[in-house]
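A.B. asks: Listed below, chain by chain, are the residues.
Protein chains: 2
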Amino acid sequence: MSTYIRIFGEIPGYPEGWAPPTGKRAELREAGIHAHNVAGISGTADEGADAIVLNGGYPDDDDRGLLIIYTGHGGQDSSTKKQIADQDLKDSGNAALVKSQLDSLPVRVIRGYKEKSPHAPAKGYRYDGLYRVVRHWFKTRNDGFRVCQFLMVKIDSPYDVPDPDYPDDIFTEDNSSASQVPVGPVRRTKTTVNKANRRATVVKEVKALHTNLCQVCGNTVELPSGPSSQAAHIQALGVPHNGPDVIENILCLCPNDHLRFDNGAFYLTDNLEVVNALDGKIGRPLRTHPEHKIGTEYVRYHRACWVKVP
Amino acid sequence: MSTYIRIFGEIPGYPEGWAPPTGKRAELREAGIHAHNVAGISGTADEGADAIVLNGGYPDDDDRGLLIIYTGHGGQDSSTKKQIADQDLKDSGNAALVKSQLDSLPVRVIRGYKEKSPHAPAKGYRYDGLYRVVRHWFKTRNDGFRVCQFLMVKIDSPYDVPDPDYPDDIFTEDNSSASQVPVGPVRRTKTTVNKANRRATVVKEVKALHTNLCQVCGNTVELPSGPSSQAAHIQALGVPHNGPDVIENILCLCPNDHLRFDNGAFYLTDNLEVVNALDGKIGRPLRTHPEHKIGTEYVRYHRACWVKVP
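Read top to bottom, the protein sequences are chains S and V.
To get my numbering, take the position in the first sequence, counting from 1, and add 8.
To get my numbering, take the position in the second sequence, counting from 1, and add 8.
Isolated chain S, as found in the complex:
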């Protein structure tokens, strides 16, 4: 078997829409598009993921075309394909996709004929372009097992926006039906007017109450323009979380703790203690303000994304 050279981005000579002539996955590997013949994720924790295959391997996938909720790797019985264990981020494929998320690496998406999706090819495989990993989280399935999921959006599509927290309406417009996401451009400037204004107000309010001090570490990032902080949603905005854009669902955090919170490095108890998810230790309580009530339902939602028994 030839050496696989991991390239990030499109492979010269294999444009979007390319399908292996014989319909075999080995051809994807030969072309340098995807490293493996069975595993869905091509990549390593160290390098990141360069490609994924959607081919019906995990029933929790939700393929909406330009937007994909992709299920991570692991926990299946190799012969029956039944879920028999939880997935985790120690799995090198899952860790690779997190790396691609954090480093904004482009991920090639290949759809196979077995994927139960209107966007899948009738036969064989098809390279469907470059996607970006927006975020990840854990979902508890009905059978109790936990799978890691990744929100991926096609690069250059209307879903590929600078601040994924900003245009939540393009994500939430269609929460009724998974397959109804329009494929054409979505005019974000028209639909987000009221939300942009409400967002500006709520963000200003939460930062003012905490005078830009991080509710976790108590520090502020001092810039020449003044002290700076970020408004972090507890139950994330947009598909599939659809958290509301209200102050009860927002924390005032520094960028470091924002990154940690959004990626499950810490979570909150109902009493607003800060728990380090890496060692389970309870740290300083969350800094609070009497006029800033935090919704327990949002805290529980976030916790369920990151710990099995919330």
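I should point out that these hints are in silico values taken from the structure, not numbers from a laboratory.
A portion of the hints provided could be inaccurate.
[As the list claims (entries may be wrong)] The calculated DSSO-like cross-link candidates involving lysine-lysine, where the alpha carbons are at most 27 Å apart (straight line), are:
| hint | chain 1 | residue 1 | chain 2 | residue 2 |
| --- | --- | --- | --- | --- |
| 1 | V | 212 | S | 98 |
| 2 | S | 89 | S | 316 |
| 3 | V | 32 | V | 147 |
| 4 | S | 212 | S | 147 |
| 5 | V | 98 | S | 212 |
The hints should help you fit chain V onto chain S, whose structure is shown.
C.D. replies: Coordinates of chain V only, in the frame set by chain S:
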């Protein structure tokens, strides 16, 4: 004069392309589009900027249509309009635009007939849609005075991308001629292939050499997927800085120090001391690695963006 209610985003009833019938700025105010009759920036340091007018007030403006380099406010003699002093971020208009940058607020752009730009209307004013502030810096003019500049891109345009450091080719393709930026969509996925791959390699390299420890504070952001850091370009990528994507132009930073560095809260001396720009104090020296040479030319370029005598 009626009260101006500051709204972020499009004003209902005043779509993109709308022009005041009498061609007067007072009508913009009446419509709630822009607060002032003379000043270019509508906004406050506390709330952010909701709108700007480009109307030839500052010769350093560079209007490329979907991408604008906008000059901040201040330092002009009120009668002669000659630059007689430096601009700074204490000016409430400039601070408002920084706030809009940090909070990703949409900014309405109005072009006036006096702007020397192929995109300006022949007469009167025209509302030209929502833009995002990507970054700001200081430019030293030929007369020695410093002006604050803001890179703004039209929301939903090909220039409006999640990671402004990522698709630098769409910014750098036309560094020869300011007015040649195409107005139609730019196919980023095709043009960025090689850069995406080179970026992945150089980012991986710098993070590995520093084992994800921030070169300023020495900390790493621990996530469930592993330690995390960011690759920060010293001379920024893209218009108008066009820094190269090489390891000599990159620092390994935590998100907090990345934010500080990109917004001029600290800079480096030629000896790689870390200087706090807010009080001028020299802190701990930059953490270095013998295999990670840092280019003095990039350090000097960054410094010139933030301090008058670098």
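A.B. asks: Given the hinted pair residue 32 (chain V) and residue 147 (chain V), is their Cα-Cα distance within 27 Å?
C.D. replies: Cα-Cα ~31 Å, so violated.
A.B. asks: For the pair supplied as a hint, residue 98 (chain V) and residue 212 (chain S), confirm whether the alpha-carbon distance does not exceed 27 Å.
C.D. replies: Cα-Cα ~19 Å, so holds.
A.B. asks: For the pair supplied as a hint, residue 89 (chain S) and residue 316 (chain S), is the alpha-carbon distance within the 27 Å limit?
C.D. replies: Cα-Cα ~22 Å, so holds.
A.B. asks: Take the C-alpha atoms of residue 212 (chain S) and residue 147 (chain S), compute the straight-line distance between them, and say whether it is at most 27 Å.
C.D. replies: 32 Å, violated
A.B. asks: Could you grab the alpha-carbon distance between residue 212 (chain V) and residue 98 (chain S) and see if it respects the 27 Å cut-off?
C.D. replies: 19 Å, holds
Figure legend: structure checked against the earlier numbered hints; hints not met, in rising order: 3, 4.
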